[in-house]
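Enquirer: One letter stands for each residue in the lines below.
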Amino acid sequence: MANKSEKRSSAGVLNKLSHVALAVWAILIIYPLIFTFLAAFKNNTEIFIGNPFALPSHWDFGSFGRAWTEAKVGTYFLNSLIVVSISTFGTMLLGAMAAYVLARYEFIGNRFIYFLFIAGLAFPVYLALTPLYIVVQELGLLGTHTGLILVYIAYSLPFTVFFLAAFFKTLPNAVAEAAMIDGASHTKLFFRVMMPMAKPGLISITIFNIIGQWNQYVLPVSLLPGGAEGQEKWLLTQGIANISTAAGYQADWPALFAALSIAIIPMIIVYTIFQRQIQSGLTAGAVK
Amino acid sequence: MRQGKYPFVIGFLIAPLALYGMFVLRPIAAAVQVSMTNWSGLSPNFDFVGLENFSKLLDDDKVWLAAKHHVFLLVTLPVITIALALFFAFLLNMGGGTRGGMMTGVWGSKFYRVVFFLPQVLAVVIVGVIFGRVYAPDGSGVLNRFLGLFGIDAVPFMAEYGLWSILGVLVWQAVGFYVVLFAAGMSSIPAEIYEAAVMDGASRVTIFFRVTIPLLMETVKVAWVYLGILAMDAFALVMVLSIDEGGPDGATTVLPVQIYKSGIRESDYGYASALGVALAVFTIIFAVLSLRGGKRNAVEH
Chain A
1 MANKSEKRSS AGVLNKLSHV ALAVWAILII YPLIFTFLAA FKNNTEIFIG NPFALPSHWD
61 FGSFGRAWTE AKVGTYFLNS LIVVSISTFG TMLLGAMAAY VLARYEFIGN RFIYFLFIAG
121 LAFPVYLALT PLYIVVQELG LLGTHTGLIL VYIAYSLPFT VFFLAAFFKT LPNAVAEAAM
181 IDGASHTKLF FRVMMPMAKP GLISITIFNI IGQWNQYVLP VSLLPGGAEG QEKWLLTQGI
241 ANISTAAGYQ ADWPALFAAL SIAIIPMIIV YTIFQRQIQS GLTAGAVK
Chain B
1 MRQGKYPFVI GFLIAPLALY GMFVLRPIAA AVQVSMTNWS GLSPNFDFVG LENFSKLLDD
61 DKVWLAAKHH VFLLVTLPVI TIALALFFAF LLNMGGGTRG GMMTGVWGSK FYRVVFFLPQ
121 VLAVVIVGVI FGRVYAPDGS GVLNRFLGLF GIDAVPFMAE YGLWSILGVL VWQAVGFYVV
181 LFAAGMSSIP AEIYEAAVMD GASRVTIFFR VTIPLLMETV KVAWVYLGIL AMDAFALVMV
241 LSIDEGGPDG ATTVLPVQIY KSGIRESDYG YASALGVALA VFTIIFAVLS LRGGKRNAVE
301 H
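Chains as they are written, first to last, in this note's numbering: chain A, 1 to 288; chain B, 1 to 301.
Don't read these hints as lab results, they were simulated from the structure.
This one's a predicted model, so the numbers in the text were calculated from it and none came from an experiment.
Incorrect hints may appear among the rest.
As the list claims (entries may be wrong) - Among the chain B residues that face chain A by a calculated CB cut under 7 Å, a handful are:
#1 F8
#2 L13
#3 I14
#4 A18
#5 V24
#6 L91
#7 I130
#8 P137
#9 S140
#10 A236
#11 P248
#12 Y269
As the list claims (entries may be wrong) - Computed, partial: chain B to chain A, Cβ under 7 Å:
#13 P27
#14 R145
#15 L147
Glycine is no exception: its CB is placed at the ideal position from the N, C-alpha and C atoms.
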């Protein structure tokens with residue numbers, strides 16, 4: 001009996017330690033974000049000399065307005081929205097098509113093409129950045145959203161194909177065979193039968209692509225050069241990095257933190273809504 | 001078959017392959033070519049110089065410094081991230097102890113899972129700008145203000161512990177992703193295995209080391225590859241956060257930063273491409289070795 005209660009109390013201590021460890025990490029994650037949000041309401045002196053744990057002296061929403069209009073964060077935000085919606089749609093359509101035939105059809109060169117796509121996972125984007133810049137320039141697409149969208153799709157394909165090919169492989173053959181016996185063509189089978197069956201995988205990887213492309217930095221910086229006209233096409237991450245590097249001690253730091261908040265908050269909302277899908281997607285892609 | 005297999009296969013592959021070839025494969029091939037020239041990027045003239053850029057690379061102190069930093073990150077980033085993530089995932093799934101022979105998660109585990117993963121959805125650039133204020137070298141910095149509560153003098157994080165500080169941000173951002181990955185893996189371990197271990201009187205610590213970790217080895221290997229590739233990058237963070245973009249005096253530089261500096265700043269595209277090729281070769285060797293270690297058979301139905 002003594003042994004049993006001892007065990008129970010040690011389990012209680014473990015339980016409390018678990019909570020402390022988890023709570024500490026949660027605070028470490030949340031606090032820098034709360035700090036960012038609060039700093040948007042502070043003034044330069046409060047940010048640079050004041051106590052970082054203090055609340056703002058005035059709740060001044062002006063910094064958000066200045067960030068949105070004067071620092072053009074509104075334009076950048078809209079640009080990011082347009083580029084990422086189109087490129088994610090393109091990535092999913094082309095990625096699913098390639099993944100499907102690679103996963104479920106035997107043909108000469110299948111393995112070669114599959115590994116060609118997978119090899120892309122090993123190459124960081126900026127390695128071939130100069131040649132990419134020249135290719136985009138030769139096509140007359142430098143400084144255009146069209147060029148950036150095509151490049152986003154191309155660079156998102158390796159992971160999308162890798163993930164979806166694994167997913168399509170797990171789908172049962174019986175349904176596909178039944179559809180073929182009923183006279184469905186390969187194309188019809190894909191769009192009417194396999195795509196709906198692959199919906200959980202498609203949703204997860206769509207969200208991953210949205211997040212990845214929304215947060216992309218190196219590509220827009222290289223392919224959307226500045227200048228008075230070029231700057232109108234800039235994306236959100238690029239714009240914020242520019243504000244932060246241009247910002248000295250005299251600059252409008254509250255507006256920078258307001259811009260950071262504007263960039264972060266939609267991601268937090270999207271993530272909170274879809275976190276269940278992200279988790280199920282991870283299970284399908286990496287654990288299996 | 002009403003429709004030929006090959007026309008269908010070709011029809012579905014042609015557009016993705018064309019885009020991939022044009023914007024990914026062609027630039028990579030061009031980078032390899034350029035790495036053997038003395039092209040300055042701006043002038044249209046250049047000569048073939050063979051492996052000259054690669055021998056120059058071996059004499060570059062900054063390159064060796066950057067390589068050393070990659071080795072440091074390649075060891076510390078996966079070890080720390082995986083250890084923390086396994087620990088947290090275990091607490092979330094099984095920290096609540098046993099109830100009727102079943103392992104249960106701690107109270108609030110769903111909330112923690114959501115919060116821990118959050119940094120993963122934020123842009124590295126934005127995280128870098130935020131941590132500039134977290135690591136500020138005086139009392140206005142979040143971390144120094146906190147340390148001040150314990151009477152610790154202000155630490156010049158980026159000036160003296162630059163690489164460790166950058167490692168800290170990388171870990172901060174990565175842990176949640178692997179918590180979710182491992183937690184999913186843990187919940188797919190059959191409950192009977194845990195029930196049997198609990199019946200045998202195993203403690204949670206024993207279960208963690210003897211049951212959970214061995215059964216999760218495959219997932220850990222996948223995590224190792226992902227984190228290793230991340231350790232070869234670190235570009236955006238070093239550019240935004242460190243002193244003098246990789247400084248002070250090269251103390252935080254990484255190969256991508258050297259590529260950017262010699263390529264874009266000094267317009268030495270030949271040399272920059274050689275650095276790029278070298279980095280790519282290292283990354284691929286690492287990935288192949290890791291994947292061979294963690295090879296699994298495809299699931300057949």
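Enquirer: Hint by hint, note whether the structure agrees.
Expert: We went through each hint and held it up to the structure:
1. F8: 4 Å, holds
2. L13: 6 Å, holds
3. I14: 9 Å, violated
4. A18: With a closest approach of 9 Å, the A18 (chain B) hint is violated.
5. V24: 5 Å, holds
6. L91: 4 Å, holds
7. I130: 5 Å, holds
8. P137: 12 Å, violated
9. S140: OK, holds: S140 (chain B) within 7 Å of chain A, min 6 Å.
10. A236: Result: holds, 6 Å to nearest chain A Cβ.
11. P248: Violated, because the Cβ-Cβ distance from P248 (chain B) to chain A comes to roughly 18 Å (cut-off 7 Å).
12. Y269: Where the cut-off is 7 Å and the nearest Cβ of chain A is about 5 Å from Y269 (chain B), the hint holds.
13. P27: 4 Å, holds
14. R145: 5 Å, holds
15. L147: Nearest chain A Cβ about 12 Å off; hint violated.
Consistency with the previously given hints fails for numbers 3, 4, 8, 11, 15, ordered from lowest to highest.
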